[in-house]
Amino acid sequence: MRPWLGERTVERLNGLVSTESGKPVRFVPPRKKDTYYEIRVYETGEVETRPDNWHDYFNALAWLAFPRAKARINAMHAAEMPKEGARRGPLRDLLTIFDEGGAIVHCDDADLISLLEAFRWKELFWENRARVLERMRVVVLGHAVLEKALEPWPGITCKAIVVPYAADTDRAACDWLGKRGRSDSPRLLAPLPVFGFPGWHPDGARDSFYDETRYFRPAAVKSPLESARQPPHASAEESPGSAERDAG
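Going by my numbering, the sequence shown opens with residue 18, and the numbers climb by one from there.
If you are wondering where the hints come from, they were derived from the structure by calculation, not from laboratory data.
All figures in this text were calculated on a predicted structure; none of them were measured in a lab.
Don't take every hint at face value.
Unchecked claim - Taking lysine to aspartate or glutamate and the DMTMM-like style, the derived pairs with C-alpha atoms no more than 25 Å apart in a straight line are:
hint, residue 1, residue 2
1, 196, 69
2, 139, 126
3, 100, 134
4, 100, 144
5, 100, 110
6, 196, 134
7, 139, 110
8, 139, 97
9, 49, 65
10, 139, 128
11, 100, 65
12, 139, 101
13, 49, 97
14, 40, 28
15, 196, 140
16, 196, 125
17, 100, 201
18, 196, 60
19, 139, 224
20, 139, 228
21, 40, 185
22, 196, 185
23, 49, 60
24, 49, 168
25, 40, 125
Stated by the list, open to error - FRET-style restraints, in silico, Cβ to Cβ:
hint, residue 1, residue 2, range
26, 236, 49, 19 to 25 Å
27, 29, 168, 25 to 31 Å
28, 167, 131, 41 to 47 Å
29, 41, 140, 43 to 49 Å
30, 228, 185, 32 to 38 Å
31, 236, 99, 19 to 25 Å
32, 48, 125, 41 to 47 Å
33, 220, 46, 18 to 24 Å
Glycine residues also receive a C-beta, built at the ideal position from the N, C-alpha and C atoms.
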């Protein structure tokens, strides 16, 4: 049960989860722009949240749905920022992209995982759709993806990690993040055109849908890192803030 779902207000969400520093998370009005968003969240628990803004509202809900993973993302940002100069490094790129556009794929089927990693979308989602529905499930963490899904289109692409089918989603994502180091980059995240998953888009009921390379790019077109930075293919993956300020 998730009793915090319902009326779209953030006040009722305050104090239900905590940062890794032990501070109760509270959703507060934005302050003037600065470079210490993640550090302030870690030290105070205050998450800047714009009123009547779907992006920020979905971010607040993500804190409730994935409290361990969100707290780990924040803690890793806060730990890394003092080590950086003016430019965000590859690890924080990974954290930002996963936070904004991340998904967790639950699957134990090695063949399906191989098709996912090889960008063989038609084989995965069409030719093996029965196996996908039985042996794979996708949980979206990224709040930018959820915002984009309010006006869905087939180009929405997540950046995914793969965990065991029976794993607890939040704990598995937190554990995966905890194994990351400073040299890790968004290349570790697998592009996932999430609307290709059987049943997620009406056009997915016909095989020609998966021949559209604007949405289902083959591996040779873009590397995972390049795809992570190309809005036409990955419209929900970009951070809304600058490299100096992660705006949630």
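Do the hints match the structure? See the list:
no., hint, verdict
1, 196 to 69, "violated (36 Å)"
2, 139 to 126, "holds (17 Å)"
3, 100 to 134, "violated (32 Å)"
4, 100 to 144, "violated (47 Å)"
5, 100 to 110, "holds (14 Å)"
6, 196 to 134, "holds (20 Å)"
7, 139 to 110, "violated (29 Å)"
8, 139 to 97, "violated (39 Å)"
9, 49 to 65, "holds (10 Å)"
10, 139 to 128, "holds (14 Å)"
11, 100 to 65, "holds (23 Å)"
12, 139 to 101, "violated (41 Å)"
13, 49 to 97, "holds (22 Å)"
14, 40 to 28, "holds (16 Å)"
15, 196 to 140, "violated (31 Å)"
16, 196 to 125, "holds (20 Å)"
17, 100 to 201, "holds (15 Å)"
18, 196 to 60, "holds (23 Å)"
19, 139 to 224, "holds (8 Å)"
20, 139 to 228, "holds (7 Å)"
21, 40 to 185, "holds (24 Å)"
22, 196 to 185, "holds (17 Å)"
23, 49 to 60, "holds (18 Å)"
24, 49 to 168, "violated (30 Å)"
25, 40 to 125, "violated (36 Å)"
26, 236 to 49: 19 to 25 Å, "violated (44 Å)"
27, 29 to 168: 25 to 31 Å, "holds (27 Å)"
28, 167 to 131: 41 to 47 Å, "violated (33 Å)"
29, 41 to 140: 43 to 49 Å, "holds (47 Å)"
30, 228 to 185: 32 to 38 Å, "holds (37 Å)"
31, 236 to 99: 19 to 25 Å, "violated (37 Å)"
32, 48 to 125: 41 to 47 Å, "holds (45 Å)"
33, 220 to 46: 18 to 24 Å, "violated (41 Å)"
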